[in-house]
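Trainee: Starting from the given sequences, assemble the full structure and let the hints guide the process.
Chains A and B supply the protein sequences, listed in that same order. So for the first sequence, this note's numbering puts the first residue at 2; every next one is plus one. So for the second sequence, this note's numbering puts the first residue at 25; every next one is plus one.
Because the hints were derived from the structure by calculation, they are not lab data. These figures come from a predicted structure and were not determined experimentally. Note that beta-carbon positions come from the ideal geometry of N, C-alpha and C, so glycine has one too. Just to be clear, a hint being listed does not mean it is correct.
Listing some non-contacts, in silico: residues in chain A with all C-beta distances to chain B over 10 Å [stated by the list, open to error]: (1) Lys161; (2) Arg444; (3) Leu651.
The calculated DSBU-like cross-link candidates involving lysine-lysine, where the alpha carbons are at most 35 Å apart (straight line), are [claimed, not checked]: (4) A:Lys720 x A:Lys332; (5) B:Lys36 x A:Lys100; (6) A:Lys194 x B:Lys52; (7) A:Lys488 x A:Lys530; (8) A:Lys396 x A:Lys588; (9) A:Lys522 x A:Lys588; (10) A:Lys161 x A:Lys396; (11) A:Lys396 x A:Lys323; (12) A:Lys488 x A:Lys258; (13) A:Lys323 x A:Lys720; (14) A:Lys368 x A:Lys720; (15) A:Lys679 x B:Lys156; (16) A:Lys720 x A:Lys679; (17) A:Lys628 x B:Lys156; (18) B:Lys36 x A:Lys258; (19) A:Lys323 x A:Lys368; (20) A:Lys194 x B:Lys36; (21) A:Lys332 x A:Lys151; (22) A:Lys488 x A:Lys198; (23) B:Lys52 x A:Lys258; (24) A:Lys368 x A:Lys332; (25) A:Lys198 x B:Lys36; (26) A:Lys588 x A:Lys151; (27) A:Lys368 x A:Lys396.
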Amino acid sequence: MKPYIGTPTSRVDGRVKVTGMAQYAGEFAAPDLAYGSVVTSTIARGRITRIDATQALAVEGVLDVLTHENRPAMGTTDQAFSDEVAPTGSPFRPLYDDKVKFNGQPIALVIAEEWEIARFAATLVDVEYEAESHDTDLHARRDEAFVVEKPDKPRGDAAKAFAAAVVRHEAEYFVPAEYHNPMELFAATAVWKDGGKLTVFDKTQGVQNVQRYVCSVFGLKSDDVRVMSPFVGGAFGSGLRPQYEVVLAVQGALQLKRSVRLVLAREQMYGLGYRPATIERVALGARADGSLDAITHEAIAMTSQYEEFSRNDTSWSALLYKSSNASYEHKLSRLDVPTPSDMRAPGAASGVYALECAMDELAVALKLDPVELRMRCYSDRDQNTGAPFTSKQLKECYRKGAELFGWSRRNSEPRSMRDGNDLVGWGMATGVWEALQMPTGARIVLSGNGHAEVSCATSDIGTGTYTVMAQVAADMLGVPIDNVTVKLGDSTLPHSMVEGGSWTAASVSHAIAVTADEVRKELLGLAQKMPNSPLAGLQAEDVVLVDGMIAGRQDSSRAVSVAEAMQHGGVDRIVHERSAEFPEDTKHARNTHSAIFAEVKVDEQLGVIRVTRAVSAVAAGRIINTKTAASQVMGSVVWGIGMALHEEALYDHSFGRIMNANIAEYHVPVNADVQDIKVIFVDEPDNLVNPLGIKGVGEIGIVGVAAAIANAVYHATGKRIRDLPITIDKVLG
Amino acid sequence: MESRARPDAVSKPAAISVTLYVNGEPSKLAIAPWTTLLDALRDRLHLTGTKKGCDHGQCGACTVLIDGRRVNSCLTLAVMKDGAKITTIEGLAADGSLHPLQQAFIDHDAFQCGYCTPGQICSAAGLIAEGKAQTADEIRELMSGNICRCGAYPNIVAAIQQAMGAKP
Chain A
2 MKPYIGTPTS RVDGRVKVTG MAQYAGEFAA PDLAYGSVVT STIARGRITR
52 IDATQALAVE GVLDVLTHEN RPAMGTTDQA FSDEVAPTGS PFRPLYDDKV
102 KFNGQPIALV IAEEWEIARF AATLVDVEYE AESHDTDLHA RRDEAFVVEK
152 PDKPRGDAAK AFAAAVVRHE AEYFVPAEYH NPMELFAATA VWKDGGKLTV
202 FDKTQGVQNV QRYVCSVFGL KSDDVRVMSP FVGGAFGSGL RPQYEVVLAV
252 QGALQLKRSV RLVLAREQMY GLGYRPATIE RVALGARADG SLDAITHEAI
302 AMTSQYEEFS RNDTSWSALL YKSSNASYEH KLSRLDVPTP SDMRAPGAAS
352 GVYALECAMD ELAVALKLDP VELRMRCYSD RDQNTGAPFT SKQLKECYRK
402 GAELFGWSRR NSEPRSMRDG NDLVGWGMAT GVWEALQMPT GARIVLSGNG
452 HAEVSCATSD IGTGTYTVMA QVAADMLGVP IDNVTVKLGD STLPHSMVEG
502 GSWTAASVSH AIAVTADEVR KELLGLAQKM PNSPLAGLQA EDVVLVDGMI
552 AGRQDSSRAV SVAEAMQHGG VDRIVHERSA EFPEDTKHAR NTHSAIFAEV
602 KVDEQLGVIR VTRAVSAVAA GRIINTKTAA SQVMGSVVWG IGMALHEEAL
652 YDHSFGRIMN ANIAEYHVPV NADVQDIKVI FVDEPDNLVN PLGIKGVGEI
702 GIVGVAAAIA NAVYHATGKR IRDLPITIDK VLG
Chain B
25 MESRARPDAV SKPAAISVTL YVNGEPSKLA IAPWTTLLDA LRDRLHLTGT
75 KKGCDHGQCG ACTVLIDGRR VNSCLTLAVM KDGAKITTIE GLAADGSLHP
125 LQQAFIDHDA FQCGYCTPGQ ICSAAGLIAE GKAQTADEIR ELMSGNICRC
175 GAYPNIVAAI QQAMGAKP
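Mentor: Okay, here's the thing in structure tokens:
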């Protein structure tokens, strides 16, 4: 039997998704269901002086209006509102008190018999405020930003080395606030059961995180709250922390003692997390041969008034390229906005954008090919720690990506390549991300009829977790993939952290592997009790499960069928639950890498930019499912196109409000924006990162893409645009 | 909670009787004029395969076929469609076998999270019926009313080409 791991495999949840049978959080039915609608603040800072629900309550079918004045009891400490991925600070508490901390903050929940009634009545809630002056402009407040402590320390004297460098490049780059905009609206259905138990269907990347949070916020017993999220309509980081829809839905259910569904409006999702607007300053000092002597990377990012959200933007620069001098600094500016959140490759997407544009500018100054410059600065060790990588096939990414793209045919002169009215530009960049793994549990139930159920509380947000789990279980248990049922997205299942950081595939695969080891041991024990067992004397590590048999690893003719072994032992089902733990390895750096090549065509008169071709070459260890993994990377490249050309939350600073809080004016790529994208995975065997050599691919694909496109726009037009997104006005301006 | 006064009750709008022929079955509904076809399908008929992604006609997740034409059901009031034949994702497959588009979407991995997928597939069915799109560029242009935030667009185009019988 050919192993499923490494084989392109169609999604096991494909059929339910293409037939409309997959149910998402706001779609679960419950008897006597009531519907919520949220009222949000129209000021960015201040307090509510009066909130009058009289008119709303007068509407036929309205059941209640909850505000900070009459909501059910909630915890009173920051700890009660914290969660497993909360940043430093004081977490937001929905409907807690009269304070307004950002525009679009939830301040009332209208609950009615029908959704339309709730929505209408929400427009009738009368609110008066005492507004205070607010600030939402990062550029205006950059000088007041404070420094965040980061673990990586500078090396050498970057300022001195930069001053002494033969060739220098220094510039500021800007990444605006960007929103995840998953297609599914944030929603929760809190199903009330007699006796006060709750089953909450929530749009989340972490059912157990939300379950603990709901229990802690409302002082509920763990056994009384179950959180489920079997299907998630995209999240990209927006569902890592519990969001306010789940708090409000549970408030409603507790208040009315009946089931409540709350679906946020698209506009209201702009009051959740987002990629923070960040000013990135990069300074590079090089010798004439292109080797780097100095790297300085500073970031100034926005955060809220109540939490300090920051990720690693800057130390990628000092990790990636050889340089004896490096310094970096991350600053935060407190604004009257909601706290930013993780959004696909948080930190790296922004920081590496700046670094890789700066490298391109340095290559221009050095008159070096951009790929050649990166080869001259190539490092086989993490430059921050000096540790070698568990594996790093980035050179192969450059080579294979360049070959597939046809990079050698590039004329390095800007504005030198044309196609009719279009200027043609070719740009490239490097991507880098972490290869993380988290302690994770799994349960396997193997039945005598050859069916296996494998379960874990993790999520599938479109990433393909269902399919990966099925593939790994099928291989480890020696059964066809069609015989495997996968359960996930249920807080009662074996433990899992939130699904993020590209760590899920590695983590849950090892959880299944260690659990399958126990299944195999038990099966071997049963087989060895059979008379004249051909497996007599073998240890668990000497046998494998394959094609429904327990077989000798060396001598496959020594074999017993699983069904017979179970039957002989009088066992109907074998059930095991185990946890994968990952020992800390400080001797090695664990990273994924990529090389991205992009072609743009820019209409010389109109300034319209099209990304006509992109090649992403990724080194990410063993790829479990080349079909779904390639889709992950392709989708990430589409995200990179959006980041480079389209995406930007636009603030009206006088009101402290986002003006384009919808999916028509906040532009995301549509089908016509995306043309030819090719994804290749370079071979990267790795027996150090973890036993199965898995690194994860959810995020690496976006890192560097915006830089490759920005560099291509420069090559096409001769114009260096450092403020994202690169829109027509900037090209023509 | 203190009890609140309820002065001058505002009545909800009177319901209007309509018959929608959804996936071949007549459904008689008494429905308020402010209810969209999308909400009627999801909340009244429990056909949640049709998705709500924006409720403003901006994303295409709610696309259904009305009398064979693709329409944003969130911009369509249910009472406007009395007597109309409506096909949703649940009605596309006949006798338990998949529609060629559904199979092509699985074959080409033309979705990830699956939330935009019913709208993409219904939209593609409408596109093929329109007969206007022949090339990949034309498919891209005429499928641009359906946003896929997972970014599966190249695979969506390939799937539609397969279903059209064209060489991908």
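Trainee: Of all the hints numbered above, which does this structure not satisfy? Sort the numbers upward.
Mentor: Violated: none.
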